[in-house]
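Given chain A, work out where chain B should sit, using these hints.
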Amino acid sequence: MPVTSLDTLLASSIMICLVLASMASVFAAIQPFLKHQVSHHEVEANLNLAEYLLIEAGMSASWGSNINESLVIFGLANQNSPVPFELNIDKVTRLNEKNIYNLSFLEAFNSLNMKDKPFRIIIKPLFNITVNLASREENDSAITYRFNILAERSNFPVKAALKCYAVIKDYVVSCSSQTSSLGEGLIEFSLPKSLSGTALLIVFAETEPKMLSYTVHRFSHNSINPPSSEGRYALLSPLNYTLRADLNSSNRILHAMAFTYNYVFNLTETEGDSATQYFIIPKILDESIMILVGTGLNASSSECFAEWVSYPQIPLDFGLGFTSKYQLADSFSFRFLVTINSAIYECEVILWGS
Amino acid sequence: MKILMNKKGQVRTLEALLAVAVVFAALLLTRPIYASYDNLGDYDVLYTMGLNVLVQLDRDGDLGRLISERNWAEIADRLSIMLPLGVSFNLTVYDEESNILNDRPVSSGLIDSKCVVSIQYILVDRSNLRFYVIRLQLAWMK
Numbered sequence: 001m002p003v004t005s006l007d008t009l010l011a012s013s014i015m016i017c018l019v020l021a022s023m024a025s026v027f028a029a030i031q032p033f034l035k036h037q038v039s040h041h042e043v044e045a046n047l048n049l050a051e052y053l054l055i056e057a058g059m060s061a062s063w064g065s066n067i068n069e070s071l072v073i074f075g076l077a078n079q080n081s082p083v084p085f086e087l088n089i090d091k092v093t094r095l096n097e098k099n100i101y102n103l104s105f106l107e108a109f110n111s112l113n114m115k116d117k118p119f120r121i122i123i124k125p126l127f128n129i130t131v132n133l134a135s136r137e138e139n140d141s142a143i144t145y146r147f148n149i150l151a152e153r154s155n156f157p158v159k160a161a162l163k164c165y166a167v168i169k170d171y172v173v174s175c176s177s178q179t180s181s182l183g184e185g186l187i188e189f190s191l192p193k194s195l196s197g198t199a200l201l202i203v204f205a206e207t208e209p210k211m212l213s214y215t216v217h218r219f220s221h222n223s224i225n226p227p228s229s230e231g232r233y234a235l236l237s238p239l240n241y242t243l244r245a246d247l248n249s250s251n252r253i254l255h256a257m258a259f260t261y262n263y264v265f266n267l268t269e270t271e272g273d274s275a276t277q278y279f280i281i282p283k284i285l286d287e288s289i290m291i292l293v294g295t296g297l298n299a300s301s302s303e304c305f306a307e308w309v310s311y312p313q314i315p316l317d318f319g320l321g322f323t324s325k326y327q328l329a330d331s332f333s334f335r336f337l338v339t340i341n342s343a344i345y346e347c348e349v350i351l352w353g354s
Numbered sequence: 001m002k003i004l005m006n007k008k009g010q011v012r013t014l015e016a017l018l019a020v021a022v023v024f025a026a027l028l029l030t031r032p033i034y035a036s037y038d039n040l041g042d043y044d045v046l047y048t049m050g051l052n053v054l055v056q057l058d059r060d061g062d063l064g065r066l067i068s069e070r071n072w073a074e075i076a077d078r079l080s081i082m083l084p085l086g087v088s089f090n091l092t093v094y095d096e097e098s099n100i101l102n103d104r105p106v107s108s109g110l111i112d113s114k115c116v117v118s119i120q121y122i123l124v125d126r127s128n129l130r131f132y133v134i135r136l137q138l139a140w141m142k
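These protein sequence lines are chains A and B, in that order. Numbering-wise, the first sequence is residues 1 to 354 according to the numbering used here. Numbering-wise, the second sequence is residues 1 to 142 according to the numbering used here.
Hints should not be assumed to be uniformly reliable.
Said to hold, decoys possible - Below, a sample of chain A positions facing chain B; criterion: calculated Cβ distance under 8 Å:
{"hint": "1", "residue": "44"}
{"hint": "2", "residue": "106"}
{"hint": "3", "residue": "156"}
{"hint": "4", "residue": "334"}
Claimed, not checked - Calculated pairs, SDA-like style, for lysine to any residue (alpha carbon to alpha carbon, straight line, at most 25 Å):
{"hint": "5", "chain 1": "A", "residue 1": "117", "chain 2": "B", "residue 2": "71"}
{"hint": "6", "chain 1": "A", "residue 1": "193", "chain 2": "B", "residue 2": "84"}
{"hint": "7", "chain 1": "A", "residue 1": "98", "chain 2": "A", "residue 2": "246"}
{"hint": "8", "chain 1": "A", "residue 1": "124", "chain 2": "B", "residue 2": "114"}
{"hint": "9", "chain 1": "A", "residue 1": "124", "chain 2": "B", "residue 2": "51"}
{"hint": "10", "chain 1": "A", "residue 1": "124", "chain 2": "A", "residue 2": "242"}
{"hint": "11", "chain 1": "B", "residue 1": "114", "chain 2": "A", "residue 2": "42"}
{"hint": "12", "chain 1": "B", "residue 1": "114", "chain 2": "A", "residue 2": "333"}
{"hint": "13", "chain 1": "A", "residue 1": "124", "chain 2": "B", "residue 2": "86"}
{"hint": "14", "chain 1": "B", "residue 1": "114", "chain 2": "A", "residue 2": "43"}
{"hint": "15", "chain 1": "A", "residue 1": "159", "chain 2": "B", "residue 2": "114"}
{"hint": "16", "chain 1": "A", "residue 1": "283", "chain 2": "B", "residue 2": "61"}
{"hint": "17", "chain 1": "A", "residue 1": "159", "chain 2": "B", "residue 2": "107"}
{"hint": "18", "chain 1": "A", "residue 1": "124", "chain 2": "A", "residue 2": "51"}
{"hint": "19", "chain 1": "A", "residue 1": "124", "chain 2": "B", "residue 2": "48"}
{"hint": "20", "chain 1": "A", "residue 1": "159", "chain 2": "B", "residue 2": "71"}
{"hint": "21", "chain 1": "A", "residue 1": "159", "chain 2": "B", "residue 2": "116"}
{"hint": "22", "chain 1": "A", "residue 1": "98", "chain 2": "A", "residue 2": "62"}
{"hint": "23", "chain 1": "A", "residue 1": "124", "chain 2": "B", "residue 2": "47"}
{"hint": "24", "chain 1": "A", "residue 1": "283", "chain 2": "B", "residue 2": "107"}
{"hint": "25", "chain 1": "A", "residue 1": "124", "chain 2": "B", "residue 2": "71"}
{"hint": "26", "chain 1": "A", "residue 1": "117", "chain 2": "A", "residue 2": "39"}
{"hint": "27", "chain 1": "A", "residue 1": "159", "chain 2": "B", "residue 2": "123"}
{"hint": "28", "chain 1": "A", "residue 1": "124", "chain 2": "B", "residue 2": "70"}
To be verified - Pair ranges (Cβ atoms, derived):
{"hint": "29", "chain 1": "B", "residue 1": "60", "chain 2": "A", "residue 2": "181", "range": "42 to 52 Å"}
{"hint": "30", "chain 1": "B", "residue 1": "23", "chain 2": "A", "residue 2": "317", "range": "47 to 57 Å"}
{"hint": "31", "chain 1": "B", "residue 1": "125", "chain 2": "A", "residue 2": "231", "range": "45 to 55 Å"}
{"hint": "32", "chain 1": "A", "residue 1": "135", "chain 2": "B", "residue 2": "95", "range": "50 to 60 Å"}
{"hint": "33", "chain 1": "A", "residue 1": "231", "chain 2": "B", "residue 2": "92", "range": "48 to 58 Å"}
{"hint": "34", "chain 1": "B", "residue 1": "77", "chain 2": "A", "residue 2": "56", "range": "31 to 41 Å"}
{"hint": "35", "chain 1": "B", "residue 1": "103", "chain 2": "A", "residue 2": "62", "range": "30 to 40 Å"}
{"hint": "36", "chain 1": "A", "residue 1": "231", "chain 2": "B", "residue 2": "43", "range": "44 to 54 Å"}
{"hint": "37", "chain 1": "A", "residue 1": "23", "chain 2": "B", "residue 2": "11", "range": "22 to 32 Å"}
{"hint": "38", "chain 1": "A", "residue 1": "21", "chain 2": "B", "residue 2": "115", "range": "29 to 39 Å"}
{"hint": "39", "chain 1": "A", "residue 1": "348", "chain 2": "B", "residue 2": "135", "range": "25 to 35 Å"}
{"hint": "40", "chain 1": "B", "residue 1": "25", "chain 2": "A", "residue 2": "45", "range": "33 to 43 Å"}
Worth flagging that the hints you see were computed from the coordinates, not collected in a lab. Every residue, glycine too, gets a C-beta built ideally from N, C-alpha and C.
So that you can see chain A by itself, here it is in the shape it has in the complex (with noise of 0.2 Å):
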């Protein structure tokens, strides 16, 4: 074979392969790039969705307070609000489980009319507050409680105000103080030894106006008990300015309070039988969470009981886990800044891609 043809042969059989790896790198290099541009539609449509749940009202505009009220499209905003991302007290509340009057996933899921999108909801303070019991005083007639205050956020210490309330059946003594840079603070109060039982500790702290976070932590007062577990005299559920409590003993609750960081008030029983009470909730303009308390007297062993809950209920968790590393690869995820009631909240939407 004459050296001409060699070199043609191989002047060509490199022409070939050069072809075919262009034609590949040129796939390789545009395929990421076409999915991208789909999956940056599927980002935008579905930051668009998020944002849709936290602006539109739904229909009827008032499911979340009046419970006859069919939810037919789902939406959590206030009705008629004048900005963005102020959500409704009720439709937020009914979201949380734990709540008598809450909303099924199921019921969410089908008022959304997107049979392809779970979604879940996640609504939570902007920080985090952890209580611990430092040291305990006793004296003939009280006993003085130093408990130590730590303020994280995604374990970053966090500088706040603090506002602390202590309660035993109608004893209510409060405290302020604040955390250092540090995000540590340390609170001190004194509880009679007239009474004994569970008692709660109630701190808010707050960064910023409007930025707030809470605690509530049970402990025992004056007893070799341990202090009642979470639900086990009265299941609390709030809505419509209106506290549910159904009974789960014999046991009433006759006092019942709203603390705020600013204010204490009492509230004022309406009706019930002997299973449920009903008590009404002053709207107040302050801005921050409410926590509803309510205590009593355990007949059988004259000590003292409590039970709380938070409206709205936060922090709550709605929606499906996605836990899978399936579902986990193909979700999306956005965080929000919301407001309840002139207090602000973090909330994250978590939408399924496909």
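Using the frame of chain A, we list chain B on its own:
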């Protein structure tokens, strides 16, 4: 004659190699364009997040009041608690004549990322009816 034929072959091989170089150079040149499209989803998410934060910050006229008071530290503190950890920000406030009002940076540090989103927000202070233009830049921290 034989030497001339060999030269022809060499030229063809050279042509083929040149073509390889051209194609690969073209592929290399298109890579930045592809990369610039890579973060479109992040842009959308950051933009929405920034706008949402500004709307919340402006609720009840708080942002206008803080600008009137020239309280830049308070604005920075509020932004840092409102934005998620991992997002850095830089806020600039302009008046009606496009003069920068903040005499010191309102930021969480350097914004050093490929994906920086700029959100423009127009604000009227309700107390003195002054007009401000706010530019919030957001980026994911590296």
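Cross-check of the supplied hints:
no.: 1; hint: 44; in the structure: 6 Å, holds
no.: 2; hint: 106; in the structure: 29 Å, violated
no.: 3; hint: 156; in the structure: 6 Å, holds
no.: 4; hint: 334; in the structure: 7 Å, holds
no.: 5; hint: A:117 / B:71; in the structure: 44 Å, violated
no.: 6; hint: A:193 / B:84; in the structure: 45 Å, violated
no.: 7; hint: A:98 / A:246; in the structure: 12 Å, holds
no.: 8; hint: A:124 / B:114; in the structure: 31 Å, violated
no.: 9; hint: A:124 / B:51; in the structure: 20 Å, holds
no.: 10; hint: A:124 / A:242; in the structure: 22 Å, holds
no.: 11; hint: B:114 / A:42; in the structure: 22 Å, holds
no.: 12; hint: B:114 / A:333; in the structure: 22 Å, holds
no.: 13; hint: A:124 / B:86; in the structure: 19 Å, holds
no.: 14; hint: B:114 / A:43; in the structure: 19 Å, holds
no.: 15; hint: A:159 / B:114; in the structure: 32 Å, violated
no.: 16; hint: A:283 / B:61; in the structure: 23 Å, holds
no.: 17; hint: A:159 / B:107; in the structure: 19 Å, holds
no.: 18; hint: A:124 / A:51; in the structure: 17 Å, holds
no.: 19; hint: A:124 / B:48; in the structure: 19 Å, holds
no.: 20; hint: A:159 / B:71; in the structure: 18 Å, holds
no.: 21; hint: A:159 / B:116; in the structure: 29 Å, violated
no.: 22; hint: A:98 / A:62; in the structure: 21 Å, holds
no.: 23; hint: A:124 / B:47; in the structure: 22 Å, holds
no.: 24; hint: A:283 / B:107; in the structure: 38 Å, violated
no.: 25; hint: A:124 / B:71; in the structure: 28 Å, violated
no.: 26; hint: A:117 / A:39; in the structure: 16 Å, holds
no.: 27; hint: A:159 / B:123; in the structure: 29 Å, violated
no.: 28; hint: A:124 / B:70; in the structure: 31 Å, violated
no.: 29; hint: B:60 / A:181: 42 to 52 Å; in the structure: 28 Å, violated
no.: 30; hint: B:23 / A:317: 47 to 57 Å; in the structure: 53 Å, holds
no.: 31; hint: B:125 / A:231: 45 to 55 Å; in the structure: 49 Å, holds
no.: 32; hint: A:135 / B:95: 50 to 60 Å; in the structure: 55 Å, holds
no.: 33; hint: A:231 / B:92: 48 to 58 Å; in the structure: 51 Å, holds
no.: 34; hint: B:77 / A:56: 31 to 41 Å; in the structure: 32 Å, holds
no.: 35; hint: B:103 / A:62: 30 to 40 Å; in the structure: 49 Å, violated
no.: 36; hint: A:231 / B:43: 44 to 54 Å; in the structure: 46 Å, holds
no.: 37; hint: A:23 / B:11: 22 to 32 Å; in the structure: 25 Å, holds
no.: 38; hint: A:21 / B:115: 29 to 39 Å; in the structure: 32 Å, holds
no.: 39; hint: A:348 / B:135: 25 to 35 Å; in the structure: 27 Å, holds
no.: 40; hint: B:25 / A:45: 33 to 43 Å; in the structure: 37 Å, holds
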